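Protein chains in written order, with our numbering: chain A, 1 to 210; chain B, 1 to 97.
No wet-lab data here; the hints were simulated from the structure. Computed from a predicted model, the values in this text were never measured in an experiment. Glycine residues also receive a C-beta, built at the ideal position from the N, C-alpha and C atoms. A couple of the hints might just be wrong.
[Said to hold, decoys possible] Example chain A residues on the side facing chain B (calculated, C-beta under 8 angstroms, incomplete): (1) A66; (2) S116; (3) F128; (4) V155; (5) T159; (6) L160; (7) L165; (8) A167; (9) R175; (10) P203.
[What the hints assert, rightly or not] Between beta-carbon pairs, the in silico distance windows are: (11) A11/B to P93/A: 39 to 47 angstroms; (12) T58/B to A190/A: 40 to 48 angstroms; (13) A113/A to P59/B: 15 to 23 angstroms; (14) I5/B to W111/A: 31 to 39 angstroms; (15) M1/B to V106/A: 48 to 56 angstroms; (16) L50/A to L72/B: 29 to 37 angstroms; (17) T68/A to V15/B: 27 to 35 angstroms.
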Amino acid sequence: MCATSPLRPVSSAPVPGLTLADRPDMPADPPGRSVPALRSRGAAQRRTPLRRFALSVLVLSLIWGALTDWRADALVFGVPAVLLGAAIPLLLPDSAPWRLSVRGAVLFALWFAVQSVRGAVDVALRAFAPRMPLCPGFRDHSLRLPQGAPRIMFVNTITLLPGTLSAEIRDDVLRVHMLDTRMALEPALADLEIRIRQLFALPDGPEVSS
Amino acid sequence: MLDLIAAFFIASGTVFFVAGTVGLLRFPDIFCRLHALTKADGLGLALIALGVGLLAGTPGEIFRIALVWSALAVASATCSHLVARYALRSGMEGRDD
Chain A
1 MCATSPLRPV SSAPVPGLTL ADRPDMPADP PGRSVPALRS RGAAQRRTPL
51 RRFALSVLVL SLIWGALTDW RADALVFGVP AVLLGAAIPL LLPDSAPWRL
101 SVRGAVLFAL WFAVQSVRGA VDVALRAFAP RMPLCPGFRD HSLRLPQGAP
151 RIMFVNTITL LPGTLSAEIR DDVLRVHMLD TRMALEPALA DLEIRIRQLF
201 ALPDGPEVSS
Chain B
1 MLDLIAAFFI ASGTVFFVAG TVGLLRFPDI FCRLHALTKA DGLGLALIAL
51 GVGLLAGTPG EIFRIALVWS ALAVASATCS HLVARYALRS GMEGRDD
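If we strip away everything but chain B, and leave its shape as in the complex, we get:
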């Protein structure tokens, strides 16, 4: 039963990773692409971490999974801000392709 729930979480996490990648490819400019990467991939990793955490045996493993997730959550928001700021300041605002 636990395996099934974990598999469900991991599978839905994968769906969000695919969505993030589709957004990265389809969205028109760098800022919209950042939305796709930070939000969809962030939730994708959270769901996968949840699923893997359910399967993990030891508290140490669960802690490490949680650590990975929290590091990524902080890093992705900060990095997307830095990328967006750089793009803004180098004059990419409103550039479509």
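Just chain A, with the same shape it has in the complex:
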């Protein structure tokens, strides 16, 4: 039953080994999968393996340096660890390029902080309440965000919203577990989708039909 699912944390959809940017001869996206039209051509060309490796080395070196307070003797472990770590992304399928909007990121971070407090307070109150007001169940939601970082962000953020938990992705349908199925799910997810689009500077998606 799990045979079709590669070991990818939040996406069970098939992942091509190369991005469309690397393979211009690949067929166009399947219908229903919106593609960020604002993706700049330069950003796509920049993601050669060497660039990716160099970027990983840079980020990992900064993290290692900060972790060890820039101690020179720690480099005995640091250099191999950074090189090994930077090699791992090369073994994984390339992800679709994405970019962040600074304004969207700030707004999203603030909103995210408020929502995670709301979510935690909500679940804490339910846990402490003597009668435990739960009405758990599943709801399906059709994913409209493009594959890759925006969708991963969407699915992971749902888990931190009040009362919702992303449970399974099958093709383009996300199965959400709700602590209280009497709560309205679609407005909350539509709102989150708009915020993710702002965060990744994506154009507006297809109109929400409901």
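Take the given structure of chain A and dock chain B to it, following the hints.
Chain B in isolation, oriented as in the chain A frame:
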């Protein structure tokens, strides 16, 4: 004064950890328990990290605390998704005890 604020953050973080554990023990099935763990413990760690960060002396310490928090935030959401997916696919849906 800073100590007091930090103590307040750490104490409230602990309350959320307790809430997450209470939820883990009381909630009826695996999915509800995941809600308790990801959300309550996530905020609990964020509050404790905030409190400890206020007490931390060096930028390096603050960076390490922030790194711990961000790693946990990503890992807990991803892991809870994986646990829920496994539970769904192995047919634990709707099983109460």
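Going through the hints against the structure:
The restraint placing A66/A at the interface with chain B holds, with a minimum CB-CB distance near 5 angstroms, inside the 8 angstroms limit. At its closest, the beta carbon of S116/A sits 6 angstroms from a beta carbon of chain B; the interface hint therefore holds under the 8 angstroms criterion. The restraint placing F128/A at the interface with chain B holds, with a minimum CB-CB distance near 6 angstroms, inside the 8 angstroms limit. The beta carbon of V155/A is positioned within 8 angstroms of a beta carbon in chain B (closest approach about 7 angstroms), and the interface hint is therefore held.
A cut of 8 angstroms between beta carbons decides the hint on T159/A: the least distance to chain B is about 4 angstroms, and the hint holds. Of the supplied interface hints, the one on L160/A holds, with its beta-carbon coming within about 6 angstroms of a beta-carbon of chain B, less than 8 angstroms. The beta carbon of L165/A is positioned within 8 angstroms of a beta carbon in chain B (closest approach about 5 angstroms), and the interface hint is therefore held. Restraint check, A167/A versus chain B: the minimum CB separation of about 4 angstroms is within 8 angstroms; hint holds.
The beta carbon of R175/A is positioned within 8 angstroms of a beta carbon in chain B (closest approach about 7 angstroms), and the interface hint is therefore held. At a threshold of 8 angstroms, the smallest CB-CB gap from P203/A to chain B is about 26 angstroms, leaving the interface hint violated. Evaluation of the 39 to 47 angstroms hint for A11/B and P93/A yields a pass: the beta carbon distance comes to about 45 angstroms. Checked against the hint of 40 to 48 angstroms, the C-beta distance between T58/B and A190/A comes to roughly 43 angstroms, which is consistent with it.
At about 22 angstroms, the beta-carbon gap between A113/A and P59/B stays in the expected band of 15 to 23 angstroms. Distance hint check for I5/B and W111/A: the Cβ-Cβ separation is about 24 angstroms, which falls outside the suggested range of 31 to 39 angstroms. For M1/B and V106/A, the hinted distance range of 48 to 56 angstroms is not satisfied, since their beta carbons lie about 28 angstroms from each other. Taking 29 to 37 angstroms as the suggested C-beta distance range, the pair L50/A and L72/B conforms, at roughly 32 angstroms.
The hint said 27 to 35 angstroms for the Cβ distance between T68/A and V15/B, and at roughly 34 angstroms that hint holds.
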